[in-house]
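S.K.: Note that the protein sequences, when read in sequence, are chains W and S. The end of the first sequence is residue 384 by the numbering used here, with every number in the run present. The end of the second sequence is residue 212 by the numbering used here, with every number in the run present.
Since the hints were derived computationally from the structure, they do not count as laboratory data. Please read all numbers here as calculations on a predicted model, not as lab measurements. Check each hint, because a few of them may be wrong.
[Unchecked claim] Incomplete in silico selection of chain S near chain W, CB under 7 Å:
no.	residue
1	55
2	58
3	134
Each residue gets a CB set at the ideal place from its N, CA and C atoms; glycine is no exception.
Each chain is listed here by its residues.
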Amino acid sequence: MQIGIFTVGDVTADPTTGRTPSEHERIKATVAIARKAEEIGLDVFATGEHHNPPFISSNPTATLAYVGAQTERIILSTATTLITTTDPVLIAEDYAKIQHLTDGRVDLMMGRGNTGPVYPWFGKDIRRGLELAIENYALLHRLWREDVVDWEGKFRTPLQGYTSTPRPLDGVPPFVWHGSIRSPEIAEQAAYYGDGFFHNHIFWPASHTRQMVALYRRRFEHYGHGSADQAIVGLGGQFFMRRNSQDAVREFRPYFDNAPVYGHGPSLEDFTSQTPLTVGSPQEVLERTLSFRDYVGHYQRQLFLVDHAGLPLKTVLEQLDLLGEILPEMRKGFAEGRPAHVPDAPTHGSLVAAAGGARDTTVHATDDVTGHRVEDDAPVQATA
Amino acid sequence: MTRVVVVTAGLSQPSSTRLLADRLADAVTAALAERGERVELDVVELRDHAHALADHLLTGFASGDLAEAIGAVARADALVVVTPVFSASYSGLFKTFFDVLEPETLAGTPVLLAATAGTPRHSLVLEHALRPLFAYLRATTVPTAVFAATEDFGAGDGHLASRVHRAAGELADLAAGTRRTTPRRQAALPAADDEFGEVIPFEQLLRGSDPR
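This is chain W alone, in the form it adopts within the complex (with noise of 0.2 Å):
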């Protein structure tokens, strides 16, 4: 099971002083709170992609290089890579550049952006979101598989013996979740492809988690990756924690009340029965974590939204030591009754180990005039 972190990356008043942080603060408080993602012993941080105001999570892979080279262990994601509007060419370069940068250490959600006029600012028509995402992906599939490939779609110029470089490290494509919210064709299309699925959860009733879920297990079963438990299904969620509940309810009920998402809506003992939100004991939002299972099935990625709402920076880090100290709890939690068959999910290690081995699939240039290749003179050592 991993557990992590998510970030969009939204600059917000903080509402109990009135105070908006700057870009430059928010940005440099990502960092921060990545690096005390990973010192506190987690297996993830993901962050956002958004190329609007409020948010600071433009360019993502600038952030994702920076984290990388300033932590060891921690995976590093995404939540998540606009598929629709950035040229699978691009995030073919850019994820593999991170993977051999990081050793591996990277995989991406894919995701359609959070507002329709982020379209034309690359240049796409919001009438075809889903289609753009289901093609662009399967150009980004073969990119990443295929050393030379001959391609033709409708949303981009077609592509003629082209080779994406850098090739994945160790021949192993970076893992990828589809994430959705709402959309059946993109549970269908993570199940096509026997990728993870990943459930952002956390504004939303179980009732409609669960359904989402189902759907995409049951159609992982029906393409063959599987049995419909051992599809790789991520979910999103969300707390506030004091060591005394009401201590929590007190300091989060300002923040809630003001969120850009849910604010001036229901009230906070609504919202936290109606969706995952806990605020309160970090005993209380250990055991609502691990009731998520109940609708979901055992499953493999827990990703946490902390940094939101207009929390300082502070504050979101003495969340995420808190978090560090029910940490061990939740992991014994979540591996109690978890069938041996029920896979972890995929990281580099062992996606390299099911592909038999690493493997240097770097493509070396054809001498132009001569036509001879590197390859013809030596066997290249693999890296890892």
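Could you slot chain S onto chain W? The hints should help.
M.R.: Just chain S, lined up with the frame of chain W:
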């Protein structure tokens, strides 16, 4: 069995909007009985869901009783909708309920439109506001819409009663005579386990077929 749901947006207690809604419900039940149909009647008082509707606008999902009310409307074979006239149109609460329905929820559903107001000068709200709204939702509205001004409740001329009778008959004819030919999108029905009952196979999505 014909499932009839009455959606009423009156705010006061008692409300003349609810009064009209009840008269229409009785008339529709009687008209269906004349046509040999048994009726299962549900009344959705939007006032009871006012908070949940505001929450839905912000959270994107229906909670508790509102989810049940939406489910009842989605499964209805016929609807009677009644709103008070506020500022020359339907009330905001009335509109909000229809705003939060999933697309296609009402496609093909027979609907009887009705409204109340303090003065008959508002009567064209039915034709200029309600009918276009339900045309957009692709519901099938019956030709007679029923408007009741305060003075109609005091008039002994039977005009209101005859309009109620005529409209109920039109709705009963539609509800009893037509069974829906085009199934609604599954996702429009918030039933427990069949929200995603049908999926479009991925090969078809890859070929670029219209997913809807």
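S.K.: Of the hints given before, which are not true for this structure?
M.R.: As far as the earlier hints go, only 3 is violated by this structure.
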